[in-house]
Structure formats: C-alpha cells, structure tokens
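Chemist: Go by the hints and put chain B onto chain A.
Residue numbers (the working numbering), protein chains in the order written: chain A, 1 to 259; chain B, 1001 to 1308.
A few of these clues could be false.
[Claimed, not checked] 27 Å max Cα-Cα, derived DSS-like pairs, lysine-lysine:
id: 1; chain 1: B; residue 1: LYS1110; chain 2: B; residue 2: LYS1142
id: 2; chain 1: A; residue 1: LYS90; chain 2: B; residue 2: LYS1111
id: 3; chain 1: A; residue 1: LYS90; chain 2: B; residue 2: LYS1142
id: 4; chain 1: A; residue 1: LYS93; chain 2: B; residue 2: LYS1110
id: 5; chain 1: B; residue 1: LYS1111; chain 2: B; residue 2: LYS1142
For the record, the hints were derived by calculation from the structure and aren't laboratory data.
Note that the structure is a prediction, hence the values are computed from the model and not measured.
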Amino acid sequence: MAAPPALRVVEYGARVYRRTWRGSVISTFMNPVLYLLAMGVGLGKLVDQGTGSAGLALPYLTFLAPGLLAATAMQTAAGDASYPVMAGIKWRKTYHAALATPLEVRDLVFGHLGWVTLRVTFVAVVYAAIMTAFGATSPLEGLLAVPPAVLTGLAFAAAVTAYTARLKNETGLATLFRFGIVPLFLFSGTFFPITQLPDWIEWAAYGTPLFHGVSLCRGLALDAVAFEVSPLVSVAYLLAWVAAGAWLALRLMRRRLVV
Amino acid sequence: MTDLLVEARRLTKRFGDLTAVAEVDFEVHPGEAFGFLGPNGAGKSSTMRMIAAVSPVTSGHLRVMGLDPAADGPEIRGRLGVVPQEENLDEELSVYENLLIYGRYFGLPKKVIDERVGELLHFAQLQDRRNSRVEPLSGGMKRRLVIARGLINQPEMLILDEPTTGLDPQARHLLWDRLYRLKQQGVTLIITTHYMDEAEQLCDRLVIMDKGRIVAEGSPRALIEQHSTREVLELRFPVGLQEEMVARVDGLAQRTEVLPDRVLLYSDDADETAGTLASRGVVPESTVSRRSTLEDVFLRLTGRSLIE
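So here's chain A without its partners, still in its complex pose (with noise of 0.2 Å):
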C-alpha cells in the first residue's frame, strides 16, 4: 500500500535536509555551544556570586539551559516554517508542481507541520546531548526536556506557517523575526524568570507561547525550579496554538495556492 499522502511530503522535507543538512549544522551544533559557554558559563558565574536580591537555588546554567532548548525549538522551527514556505509558494514554486500530483493541499500543510517536527525533535535532541556534556543538566532531565521543546516548535511552526502562507513578499519574515521571534527569545523567561519584568511586559510575557514552552521545559527537567504555571494549562494553551495555527495554515494556504 502507498503511504499516507502527508507521509510523502515528510518525506520530500527529509530528502531535501539530506542535501542541505550542511547549511544547518552550524546552527543546530555549534548555537547550543555557544550560548551555553557565553551566557551559561561566562554570565553564569557573575550570576552565581551575585548579590542581587533574585538570587536562584541552583546554578545559573542549569537554570538556563531548559529554557534555551525551548527558545531553540522555536526558531528552528519557525525558520523552517518560513522561508521553505515561501519558496514553495513563490520563489521555488515547488508546491504547485506538489498539487499538479494527487496531492493535496492539506497533505502539503500536514506533511511539512509533521516534517518540521521531526527536525525540531532532531534539534532538541542533540542541544539536550549538549547540555549534559556541559553539566548543565544530567541526561535523564536533558531528555525530559525534548517532548516539550518539541511540542512548542509545532506551536510555532504552525503559526508561522499560517502567517507566511499570507505573505506577498519576504519582507514580511524579516519583520516577523525582528518584532516576533527575537523579543519572545529574550522575553519569555528563557534567561531570567519573568518576574523580574515590570508588570505589563510580565503579563504580555504569559500570554506568549515560548514562556508555556520554557516553563514545561524547566519545570519537567529541573527539580529544583517549580512550574511557573500550572503544567496542564501550559500544555493546552500550546496544543491550543497548534490547533489553531494548523487550521488557519489550511485555510490561507488553500486561500493562496488553490485560485
């Protein structure tokens, strides 16, 4: 029997990683390294001995480290979700000459969501191998932290795909990572706890998707750090994102490529 449709573009995506993997190997080995020495190790240690009246019960690296594999899942998966996106609706047309096939829409949708998916688990995967060789984490709370990386990559991914499919030119991604991506890396609790933004910047902080992502991450992986909120709330506003993104990316992507 043929496989699913969707299965055929999860494939396609792997075919074309298998390429191009080299572009990306710097960022997906070398990222976790270097954020891990500069802010987990070199600001790390001006943290730990600090003074300052927020003092954490563990070391700032391995607070930190949950939090950033979380960050990493979402922008993995929001660039996948992005310019490859674009390139198949406008500048590589690929996804036209996809429908040409018995494919349809919703397989395209489906197979790249479930495509980005798995590079993100790969990703997370491999920044958690990482954490542990840097003792941030032991190996056990390094992999506790992949499922919920992974499911807020797929929050995001499915946004993002969503916002692309209506995209007249890329324009429209440089500005989503500046004013989107970049500010929820710094202002979702991945380097410090939210509490210690002023007010209106701490609740826009909880409605973001990343800060639910971080606060499973931490909280699953580290016994020491409490969630932030409740895990259960976290996981359904994120399955909410992905619902949503998913069937919005359905609609405008029919919207866009069926006319």
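Modeler: Same frame as chain A, now just chain B:
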C-alpha cells in the same frame, strides 16, 4: 463511460470581476494532440489549470477522463502529466532526486521509479546529468526535465502550458521532436501556445482563443482554408508612405490587412498579385510572398496579431 478525455460545456472561470474563460465548449479525444492557440491573457492557462484539476471551475460542466475535477481531483491528477509554464523544479536537488520525489508524490514505490528514470532521462536526453544539480542546467534541459517529470506516472494525457516559450530555436525543435514521439506512443497531448508555428507543427486539432472565448476550432489546415487565402503577400513601405500606398492597393487582393509596420494582401497566388503592383504605381520597399498561417487566421478573426 465516455470516450472523451476532456469534455467542456459552457466552462467558465472568473477571478473576482475578471472573466478569464467565458462559457467555452470543446472536447479532446484520446490519442490526439489538441491545442489552445491565443495571445497572452486569452484564457488558455486558466482553461488548462481547470483541466489539470488544480483550479476550481467557476461554472459550467467539465469532465476529465469521465471524472469530475471538483470531486475526483486526486484521481484525475494521478492519471495526468502536467508541464507548467513556469519551471517549478527543486533546484537544490539533483535531476534524479527531482524525478524520485515527484514519483513519490504519485505514491509510486522507489523501485518502480528507479526503473522508469533511466528511460525518462534517455527520452529527455539528460542521461549524463542524472546526478547534476538542477540549478545550473540550461533552459532547454530544465524544460525537458519538467516534461520527463510529468511522465513519471505514465500519464494517459500530458498537459503542456507554453512548452517552448523562452527556448532557442534548436531547443524548440528538439522538444517538438520529443512531443511528437510521445504522441506516436499514444499519449494524448494538450498544448497551449501563442506560437502559430508550434500549433501547426504539433496539433491535430486546435481552438483559437481570444479574450476568454473560443473563436474558431478545427485542424490547422482546415482553419487556414476556412478563414484565409492560400497565400499572402506582405508589403513594407518606406516610413510615412504606407497610408498613401494602402489606398492604391485597394481591390488588388481578396482581402487587405493593414498592420502598423506592413500591409498584407491575401490572395491564392501571391506572386501574381505582386506582378500587378506596378500597374497601380505601388512601389514597396520590400515584399515577401508566403503561405497563409494560423497567424493570418487569428488576425482575420480578431483583428489583432498573436504576439503584440
């Protein structure tokens, strides 16, 4: 079950206020090469996209291989090959990988695809390029690869949208030869083009489209016989003199067409018509006598040239 591969009745496509295809009727029979000839914007591509089950029909009746594109899109597309106007190959990937991935989209096992790839690369004369990346290939090679890709599922019908636009003459002739071979193998071809020579070379039967409507239908020869004379005499005049000369050629031929840069005299014997010019005091800068083409048919039917 019908024997027609495509049956369209009052087929219409609208984009908002714009009517791209307006109530056209046509049929495509198995084994024939069927053409849509017309200028850019005539509605050819929109019609093709509806046949290929990628663009929803606005209104009217359309059956492709007896199936309804609205309900049976995947099945129709599974039995068709499509060669789009714009190249949409995966340029990062190799020639082979492009064929492999496309075959997988049709749900074909890798083994079957591998068996077919050799033959398809031979057909497309890309045997040496199997493992080359697509991006640096020439326009003609890419177009042949797109055709090979469109054949990976061994389609009953191949749909080609402007297959030779942008190719040099040599690449065009090679492509025509390949398409002719396909036709001999029994593959039904549907071709859009705005090149009348392409339509004459390739099509058994064609429709001429203009502004979303079909203005004539028949074999190239029948269309020429019906709508034009056997031959044409083309006259070019020195700048500024054309208007004066047009008045003098009145009545010399069965029909006269005045274009911005030349005057066409339609007659059954162009040389004989040329012989009568001097008696009227008509002295063109140059003359060409030729046979009538589909371009003349188009001009007659629409009052405009195919390529403007």
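Chemist: Now tell me if each hint is right for this structure.
Modeler: Hints versus structure:
1. B:LYS1110 x B:LYS1142: 22 Å, holds
2. A:LYS90 x B:LYS1111: 32 Å, violated
3. A:LYS90 x B:LYS1142: At roughly 18 Å apart (the allowed maximum being 27 Å), LYS1142 of chain B and LYS90 of chain A satisfy the hint.
4. A:LYS93 x B:LYS1110: Judged against 27 Å, a Cα distance of about 24 Å means the pair holds.
5. B:LYS1111 x B:LYS1142: 24 Å, holds
Going through the hint list in order, the structure does not satisfy hint 2, though it satisfies all others.
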